[in-house]
Amino acid sequence: MPDDDLETRAVDAALDRHRRDRTRLVEILREIQDDLRWLSPDTLTAVAAGLGVSRADVEATATFYAFFATRPRGRTRILFSDNVTDRMAGNRALYRRMLAQFGLSGDETSADGRVSVGLTACTGMGDQGPAILVDGRVVTRMTADRVDAVADLVRRDVALADWPEEFFRVDDQVRRADVLLGGPWVPGESLSAAIARGRDGMLAEMRASNLRGRGGAGFTTAVKWMAARDAAGGPKVIVCNADEGEPGTFKDRVLLASHAGKVFEGMAVAAWCVGASEGFLYLRGEYLHLKAPLEAVLADMRARGLLGRSVLGTEGFDFDVEIRMGAGAYVCGEETALIESLEGKPGRPRIRPPFPVVRGYLGRPTVVNNVETLCKAHEIAKRGGAWFAGTGTRQSTGTKLLSISGDCDRPGVYEYPFGVAIAEVLADCGAERAIAVQVGGASGVLVAADDFRRRIAFEDVPTAGAMMVFGPGRDLVDVAAAFADFFAEESCGFCTPCRVGTRLVKRLVDKVAAGHGTHGDLLEIRRLQSLMARTSHCGLGQTAANAVVDALERFRPAFERRLAAVDFEPAFDLDASLATARRLAGRDDADAHLVQEFEP
Amino acid sequence: MTEIENVVVIDGLRVPFEPGQTILEAALAAGVWIPHLCHHPDFAPHGSCKVCTVVVNGRNGSACTMRALPGQEVASATPEIQERRRTLLQMLFVEGNHFCPGCEKSGNCTLQALAYDAEMLTPRFDHFYPNRRLDGSHPDVLLDLDRCILCELCVRASRDVDGKSVFAVAGRGGDCRIVVNSPTGRLGDTDLAIEDAAAHVCPVGAILPKRVGFSVPIGARVFDAGPISEVSPHLARTEDGR
Ligand SMILES: Cc1cc2nc3c(=O)[nH]c(=O)nc-3n(C[C@H](O)[C@H](O)[C@H](O)COP(=O)(O)O)c2cc1C
Ligand code: SF4
Ligand code: SF4
Ligand code: FES
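Residue numbers (UniProt numbering), protein chains in the order written: chain A, 1 to 600; chain B, 1 to 242.
No lab work stands behind these hints: they were computed from the structure.
There's no promise every hint is true.
Derived, one-sided and incomplete: chain B residues facing chain A with beta-carbon distance under 7 Å [stated by the list, open to error]:
id: 1; residue: Phe43
id: 2; residue: Ala44
id: 3; residue: Ser48
id: 4; residue: Gly61
id: 5; residue: Thr65
id: 6; residue: Gly171
id: 7; residue: Val179
id: 8; residue: Asn181
Here are the simulated EDC-like cross-link-like pairs (lysine to aspartate or glutamate), alpha carbons at most 20 Å apart as the crow flies [claimed, not checked]:
id: 9; chain 1: A; residue 1: Lys291; chain 2: A; residue 2: Glu166
id: 10; chain 1: A; residue 1: Lys345; chain 2: B; residue 2: Glu152
id: 11; chain 1: A; residue 1: Lys345; chain 2: B; residue 2: Asp160
id: 12; chain 1: A; residue 1: Lys345; chain 2: B; residue 2: Asp224
id: 13; chain 1: A; residue 1: Lys291; chain 2: A; residue 2: Glu315
Keep in mind the model is a prediction, meaning the values are calculated, not measured.
All residues carry an ideal CB built from backbone N, CA and C; glycine is no exception.
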């Protein structure tokens, strides 16, 4: 059959491009899916045979990532970004409009096989949403008109390459620049300074800078690098974590779009310090549009001798960077899950210790750093640790990028010295009337207006870089529901408290939002949060219910307004659940209905 | 210099350990009971069920994955920690479909035994009633995923002991499920044999050898003899093979 030929060719070509290397399974599946639109059971069998691994293992990877389709889907796949800020900007109405355009009723594929329409997590376009992904390419600033235009293009089978370029426009929207966003990249300047200092000298500068990681946990970068330097077992690996999956965060996207040279040079500085020879940039699937430009920067740097063999003519310093794409899984931002993904497996966090700096990618010492952290290493190499430590606060040195979205006049990326007050940030972005901000994304903290004096710093309100603003009139129950949805979707499913807890929290929040909640349900949400925070395997489960409980505690009246007036309410509606029976019996008289009553 | 003793203190009891042992291994070797579900002495630490979570020097961690170190003060049997364990077990019960009275694993089931031991009296949460698969295609082994708790013991047994990798976990989050290694997805089309460790390791009734169901009647089974904390916890998997 011709179709079989097509499939065999696509599978073989992808396997060959990746030298039948099992660790590249995520890339292999991605490319096959690009050719065949979905990963059929036969495709999975063929890939397993080609790699010489168990078919079940290939199926495990193929079904873990949201962007892989293991069921047939439309020739065009449209996904609406569904972060809380997208919801605030009206994405659900646009989603329904798109569904109506094709006569679809929910996350499904049209009968003619032309198109599938669904929802996806935050696409990193919070400042120019609502956004959608069309076959992996992001389209920003959706409006009703743009929905209609997209539907028309799909209906006329116009190739993505021929769509109006304007649709794919992604702006940096830098609103406040400091040393990082304002400073130039002079190729090789920081790397040659690092080499001139010697490995130990550069590490001493890193120590003096007191730089702490920008990916969320705030681990001291110099300590991490020294541990990797001292670890046995090579060749060592530097990974740039460009997964940026935290809802509401998009500052890494801007760095990769306009400051990639600093990112890669920062990676080379890290490689110099720890003695690494291999580097990966793990780029989230949503940022596919950045891949080609980043490859171009890498090629340019190789041509300048900043990457490759004998970097800048330094005998014995070989280092190069390869870009690897993610495929839609928030948990892959967690560093050990990221490493599993780099090895071609489902992104499930590993047991720690051993930490990646001791045993990471393929068992080798591996440094995982955030995009912004590596840019900061570039600054330190250029201007020294003492200079760097002169900005910010004692425990939080340097500047910090914030991705600001939601109810404000000027969403975008802002760079401040650490220690800036939330109120000052809100004044700058035009959100003086905000009632709350969610700092640090869905896993961060919800700060209510009476705490806006608090400062952005590891000592006070830490953040990976998101600030979502909620203005007057926003109902925090809806906000809590959006976060509960997110975590129920993104739990990797490995451990009990997170796999089950995220779904229980979602059900309870939905029950409250629907007006069926009771005080007992609110209490249960808190108990679940406490359990999840204490027993979950990784940071995802540990933080998953925090924002919900923050909302509950700081905006209690919003929740109480929605509570049913009894102590116990079942989550189901007895009468509604009899609807099928009524339909089967062909009855709809009064006696075929139940009245649900509970003694208070 | 004083010699550092290889001893941890668990709920006030001094428990010696061999360097390299986990807290759970040291505890079980010393006859100190810490409830656990995804751990099995024959397999590498896994740490997914979280039933064994303890508090070590004020910090939470799974006893089955944390190395024992001198100076550790471990809290395990406190009312608060037991309450957590009860909740984790309740989570597992509502996530699957567990009809104990009709299950042929009843009395030999670790999940059921732990629930009795933890005095779990109600399911507490609304049941999810998932729609899961039953696979009777294998001549000697039944796969009923209604009861699977995703402990991955079958995955580890098949991969590390049998050298076959018959099982894997597919999907993500609430969609996680055990899949088998065959193009059809059916157990009958894999190379699983009744002699394999993977056919006998399941702590619940998800993987069951066929035709031996009630050879030992309910009431005379491993955990019918006494609470799991007193009956050797791994008997259920070794003695009668189920
Ligand atoms: C669920 C989860 C998601 C994460 N996502 C990211 C991410 O997208 N980007 C990132 O840099 N760090 C992320 N992290 C933190 C990383 O695990 C890791 O701490 C970080 O990349 C280290 O880099 P740094 O030291 O430069 O901050 C995440 C952590 C968790 C638990
Ligand atoms: S906490 Fe959640 S995401 Fe993390 S390992 Fe457990 S199930 Fe997976
Ligand atoms: S089938 Fe049994 S052994 Fe395998 S994961 Fe499920 S409960 Fe564990
Ligand atoms: S026994 Fe330790 S987590 Fe399951």
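Okay, the hints, checked on the actual structure:
no.	hint	verdict
1	Phe43	violated, 13 Å
2	Ala44	violated, 9 Å
3	Ser48	holds, 5 Å
4	Gly61	violated, 9 Å
5	Thr65	holds, 5 Å
6	Gly171	holds, 5 Å
7	Val179	holds, 5 Å
8	Asn181	holds, 4 Å
9	A:Lys291 x A:Glu166	holds, 19 Å
10	A:Lys345 x B:Glu152	holds, 16 Å
11	A:Lys345 x B:Asp160	holds, 17 Å
12	A:Lys345 x B:Asp224	violated, 41 Å
13	A:Lys291 x A:Glu315	violated, 30 Å
In the structure shown, a violation is registered for the earlier hints numbered 1, 2, 4, 12, 13, in ascending order.
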